[in-house]
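Going line by line, the protein sequences match chains A and B.
In case it helps, the working numbering puts the first sequence at residues 9 to 92.
In case it helps, the working numbering puts the second sequence at residues 890 to 1038.
Simulated from the structure, these hints should not be mistaken for laboratory data.
Please note: incorrect hints may appear among the correct ones.
[To be verified] When the alpha-carbon atoms are kept at most 27 Å apart in a straight line, the in silico BS3-like pairs for lysine-lysine are as follows:
no. : chain 1 : residue 1 : chain 2 : residue 2
1   : A       : Lys88     : B       : Lys1011
2   : B       : Lys1026   : B       : Lys997
3   : A       : Lys19     : B       : Lys1011
4   : B       : Lys997    : B       : Lys1011
5   : A       : Lys17     : B       : Lys1011
6   : B       : Lys1026   : B       : Lys1011
7   : B       : Lys997    : B       : Lys1015
8   : B       : Lys1011   : A       : Lys23
9   : B       : Lys919    : B       : Lys971
[Said to hold, decoys possible] Partial list, derived from the structure: chain B residues whose beta carbon lies under 10 Å from chain A:
no. : residue
10  : Gly978
11  : Ser980
12  : Ser981
13  : Tyr1004
14  : Arg1006
15  : Phe1007
16  : Gln1008
17  : Lys1009
18  : Lys1011
19  : Ala1030
20  : Gly1031
21  : Met1032
Glycine residues also receive a C-beta, built at the ideal position from the N, C-alpha and C atoms.
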Amino acid sequence: MLKEEKYQKLKDIIKIYLPEDVAVTDIEQDSHFMNNLNINSANLVDIVLDVEDAFDIRLENDDMDQMQTVNDAMAIIDAKLAEK
Amino acid sequence: MKESFNWILNRLPYTEPFLFVNEISHVDDKGAEGTYRFSSDADFYKGHFKNNPVTPGVILTECCAQIGLVCLGIFLLGEKTKLENISIGMSSSEMEFLLPVFPGERVKVVSELVYFRFQKLKCEIKMYNEDDKLVCKGILAGMIGVANE
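Sequences and hints are given; from them, build the entire structure.
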């Protein structure tokens, strides 16, 4: 899968959980989920679960702790896909 | 022999007038079941509604959450987890209300685990009255985990 394609897939998941005061166009590669996109910890769990389904991977607690920004999420997805 | 779930009740972070659990009849890693009788003396009946006391939907939701979500969460965290280390908060509720619950009625709450991952617990929950009629149902989720670890 191309990087652009993965990024788009991730953005499509994130946008479902954005609060009303944050627009899809606000999502940048270095956006912090909680600080920049105002996503709370409960919705971040839902993003992780959707990412697992979309990419057919499984994340552990450590991955969750490391997943602070959109870039972090991309790196974790890449690492998990490489392990498969 | 009936299994005792008193250790779960003892860890509930609520007290009067906001404790809405009397008894837990069953808990396993897939769900919880328990009961509560709404006291006719409860303060909220004085205002909901004027001269026509009916249990407010938010209180039914709270009762569903305390039995179905929090009791299950405490069970899943395990008996060794101390109450003072448990951090807790409701994150979403989507409920439908089908029948009124009047002062003094006893209800049964049954929850089914949807998932418990990364400290988020999500359940499908149903509440029944004494005639076994469905009172309300919905999906509740909350964050429950061990803090300071």
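Check whether the Cα positions of A:Lys88 and B:Lys1011 lie no farther apart than 27 Å. The given pair, whose Cα atoms are some 25 Å apart, holds under the 27 Å limit.
Status of the B:Gly1031 interface restraint (C-beta, 10 Å, chain A): Since chain A brings a Cβ to about 8 Å from B:Gly1031, closer than 10 Å, the hint holds.
Does the CB of B:Gly978 sit less than 10 Å away from some CB of chain A? 8 Å, holds
Given the hint that B:Lys997 pairs with B:Lys1011, test it: the Cα-Cα distance must not exceed 27 Å. Roughly 19 Å separates the two Cα atoms, so the pair holds.
Mind checking the alpha carbons of B:Lys1026 and B:Lys1011 for me, to see if they're no more than 27 Å apart? Status holds; Cα separation ~14 Å.
Measure nothing beyond the straight line between the CA atoms of B:Lys919 and B:Lys971; if it is 27 Å or shorter, mark the hint as holding. 22 Å, holds
B:Lys1009 was flagged as interface toward chain A. Is the shortest Cβ-Cβ separation under 10 Å? 4 Å, holds
Need the status of pair B:Lys1026, B:Lys997: alpha-carbon distance at most 27 Å? 12 Å, holds
Hint status (Cβ of B:Ser981 to nearest Cβ of chain A, threshold 10 Å): Holds: closest Cβ of chain A sits about 7 Å from B:Ser981, inside 10 Å.
Would you check the hint for A:Lys19 and B:Lys1011, treating anything up to 27 Å between C-alpha atoms as holding? Roughly 24 Å separates the two Cα atoms, so the pair holds.
Any CB of chain A closer than 10 Å to the CB of B:Tyr1004? 7 Å, holds
If you take the shortest Cβ to Cβ gap from B:Phe1007 to chain A, is it below 10 Å? 5 Å, holds
In this structure, none of the earlier numbered hints is contradicted; all agree with it.
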